[in-house]
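Undergrad: Given next are the chains, with one letter for each unit.
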Amino acid sequence: MPMTITEKILAAHAGRDQVVPGEFIEARVDIALGNDVTAPIAIREFESFGAREVFDRNRLVLVPDHYAPNKDIKSAEQCKIMRDFARRQAITNYFEVGQMGVEHALLPEQGLVLPGDLIIGADSHTCTYGALGAFSTGVGSTDLAAVMITGKIWLRVPESIKIIFDGPLNPWVCGKDLILYTIGQITVDGALYMAMEFDGSTIRGLDIDSRFSICNMAIEAGAKSGIIAPDEITLQYVRERARRDFSIFTSDPEANYCRTLHFWAEEIQPQVALPPLPENSRPVDQIGDIPIDQVVIGSCTNGRISDLRQAAQILKGHKVNPNVRLIIIPATQSIYRQAMKEGLLDIFLEAGAAVSTPTCGPCLGGYMGVLAAGERALATTNRNFIGRMGHLQSEVYLSNPAVAAASAITGKISHPREVVSD
Amino acid sequence: MKRILGKAWKYRDNINTDEIIPAKYLNTSDPKELAQHCMAGIDEDFVRKISSGDLIVAGENFGCGSSREHAPWAIKEAGISCVIAKTFARIFFRNAINIGLPIVECRQAAEEIQPGDTIEVDVDAGKIINHSQGKEYKIAAYPPFMQRLIAAGGLLNYIKASQTSCENKIS
Numbered sequence: 001m002p003m004t005i006t007e008k009i010l011a012a013h014a015g016r017d018q019v020v021p022g023e024f025i026e027a028r029v030d031i032a033l034g035n036d037v038t039a040p041i042a043i044r045e046f047e048s049f050g051a052r053e054v055f056d057r058n059r060l061v062l063v064p065d066h067y068a069p070n071k072d073i074k075s076a077e078q079c080k081i082m083r084d085f086a087r088r089q090a091i092t093n094y095f096e097v098g099q100m101g102v103e104h105a106l107l108p109e110q111g112l113v114l115p116g117d118l119i120i121g122a123d124s125h126t127c128t129y130g131a132l133g134a135f136s137t138g139v140g141s142t143d144l145a146a147v148m149i150t151g152k153i154w155l156r157v158p159e160s161i162k163i164i165f166d167g168p169l170n171p172w173v174c175g176k177d178l179i180l181y182t183i184g185q186i187t188v189d190g191a192l193y194m195a196m197e198f199d200g201s202t203i204r205g206l207d208i209d210s211r212f213s214i215c216n217m218a219i220e221a222g223a224k225s226g227i228i229a230p231d232e233i234t235l236q237y238v239r240e241r242a243r244r245d246f247s248i249f250t251s252d253p254e255a256n257y258c259r260t261l262h263f264w265a266e267e268i269q270p271q272v273a274l275p276p277l278p279e280n281s282r283p284v285d286q287i288g289d290i291p292i293d294q295v296v297i298g299s300c301t302n303g304r305i306s307d308l309r310q311a312a313q314i315l316k317g318h319k320v321n322p323n324v325r326l327i328i329i330p331a332t333q334s335i336y337r338q339a340m341k342e343g344l345l346d347i348f349l350e351a352g353a354a355v356s357t358p359t360c361g362p363c364l365g366g367y368m369g370v371l372a373a374g375e376r377a378l379a380t381t382n383r384n385f386i387g388r389m390g391h392l393q394s395e396v397y398l399s400n401p402a403v404a405a406a407s408a409i410t411g412k413i414s415h416p417r418e419v420v421s422d
Numbered sequence: 423m424k425r426i427l428g429k430a431w432k433y434r435d436n437i438n439t440d441e442i443i444p445a446k447y448l449n450t451s452d453p454k455e456l457a458q459h460c461m462a463g464i465d466e467d468f469v470r471k472i473s474s475g476d477l478i479v480a481g482e483n484f485g486c487g488s489s490r491e492h493a494p495w496a497i498k499e500a501g502i503s504c505v506i507a508k509t510f511a512r513i514f515f516r517n518a519i520n521i522g523l524p525i526v527e528c529r530q531a532a533e534e535i536q537p538g539d540t541i542e543v544d545v546d547a548g549k550i551i552n553h554s555q556g557k558e559y560k561i562a563a564y565p566p567f568m569q570r571l572i573a574a575g576g577l578l579n580y581i582k583a584s585q586t587s588c589e590n591k592i593s
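Residue numbers (this note's numbering), protein chains in the order written: chain X, 1 to 422; chain H, 423 to 593.
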């Protein structure tokens with residue numbers, strides 16, 4: 001029977017020849033991930049279960065990134081629970097402040113997640129790694145605890161929805177715009193419980209960073225996972241990082257999809273998602289004049305080197321509007337260093353931006369850029385829910401890094417061409 | 423299972439986990455502390471208004487957004503006995519089943535229940551009873567594997583039982 005890439009990966013990890021959507025399987029996990037918010041609960045459950053050792057100390061990855069560097073005493077306690085546990089269990093892939101980065105940028109960069117893997121993470125944006133051709137999904141802390149004990153997870157095999165993009169991209173359009181556009185078309189529960197499989201000539205032409213942005217936001221359409229079959233671009237990224245073998249899976253031409261959508265990239269302009277849901281996406285030049293107080297460029301969605309390059313291209317030789325705070329957060333230490341080498345940080349600082357050490361911080365209203373009542377931010381992050389970045393009466397708009405950078409200069413949400421030529 | 427009977431607190435579609443437990447409270451993992459801020463992102467007085475046993479009734483995609491298990495923990499510890507919704511976001515769904523918070527998908531009940539109605543859920547008999555309106559709704563049974571998880575009292579209890587009985591297969 002023909003299978004999708006997702007079904008093939010799940011079958012391989014369940015020790016089966018085939019699986020069909022709707023059935024429950026028990027699957028072997030290659031990599032499990034927790035952070036300073038979700039791991040402490042998993043550790044509590046792990047210990048109250050009476051477990052002594054994690055299933056594999058090389059396959060559990062722990063990253064303090066949400067409220068680290070510690071934002072307050074309580075966060076410090078949560079980080080300490082995770083750090084102490086990592087030391088007790090001799091976890092190989094615990095990333096201390098100074099080594100750590102935003103988890104979903106860090107794990108691929110470190111070569112910890114690879115094509116054909118089955119990855120679970122106690123963080124909803126774990127779906128990011130589908131960009132490498134892996135099955136990767138977010139779970140809660142108890143699920144993580146169960147994997148820490150057994151190395152396995154129960155899963156319902158998802159139906160797959162196929163999203164095809166064809167044609168060339170318009171200027172200043174990147175992966176972020178394609179996924180915001182998709183969510184706008186299918187709504188925030190349009191892919192509920194499903195695997196979103198992206199394909200088409202546009203996707204094949206995208207760099208790996210854009211692919212990460214797309215799969216990262218599959219959860220914002222309700223999906224279980226997002227996935228892009230590996231190709232030469234994937235392999236180029238993975239080969240220099242992988243320290244173990246990996247498998248390439250692709251969908252059979254006759255595989256079953258519960259729905260197939262076909263979009264034309266040429267019809268898509270840079271997108272902005274209006275609060276309070278990512279589905280409220282519109283072309284940036286159709287939303288009118290919306291003044292902003294803060295711009296955040298960073299996060300697991302758009303804090304990678306190509307995002308920073310895009311922002312720098314716009315910001316070079318310009319100044320941040322006096323009414324705006326621009327906060328730029330390279331997602332990992334190595335992205336930070338690369339940005340430094342390329343002179344991007346100088347461009348940011350010269351423009352008047354604040355540049356921070358890696359953290360999820362403002363994306364979830366944690367710290368490093370929390371909003372007051374009545375304030376409005378434009379962010380390259382992934383959620384614009386009510387109160388997401390601070391006060392319940394503050395607002396978050398979502399965009400790509402180029403739109404965010406241009407808007408930081410003009411002081412209102414702007415198309416990049418208002419600042420630089422196409 | 424504890425009897426599920428209480429007053430309905432009704433919410434719209436797409437209630438996200440930031441609304442159930444805003445991120446500013448995620449610097450703790452203590453369920454009791456989390457419970458004090460249950461639903462604070464949409465109604466800061468929620469925990470002061472509810473009585474133990476009350477139910478949350480909501481529309482589509484309840485619990486969307488972050489994977490924070492703090493959300494179902496906060497609801498459970500606040501004394502909410504069950505969440506009825508048209509649909510649940512998948513991570514919230516897993517988390518609730520895994521920690522033993524009763525949740526029920528029932529489109530018609532979620533539509534027709536009014537705020538303040540007295541609702542009973544009889545999981546074993548597979549029905550929701552709206553005492554205020556004198557209506558009953560059938561609940562679709564969970565797949566057998568999930569029934570076993572629920573009967574065991576959550577995922578870790580299930581694993582513990584499977585390990586002892588040496589049958590740890592899903593079928």
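Keep in mind the hints are simulated off the structure, nothing from the lab. Mixed in with the good hints, there may be bad ones.
Pairs of lysine-lysine residues, derived as DSBU-like cross-links and limited to a Cα-Cα distance of at most 30 Å, are as follows [to be verified]:
#1 X:LYS74 x H:LYS454
#2 H:LYS498 x X:LYS71
#3 X:LYS80 x H:LYS582
Undergrad: Take the hints in turn and mark each one as holding or not.
TA: Hints and how they fare:
no.	hint	in the structure
1	X:LYS74 x H:LYS454	holds, 15 Å
2	H:LYS498 x X:LYS71	holds, 27 Å
3	X:LYS80 x H:LYS582	holds, 28 Å
Taken one by one, the earlier hints all hold for this structure without exception.
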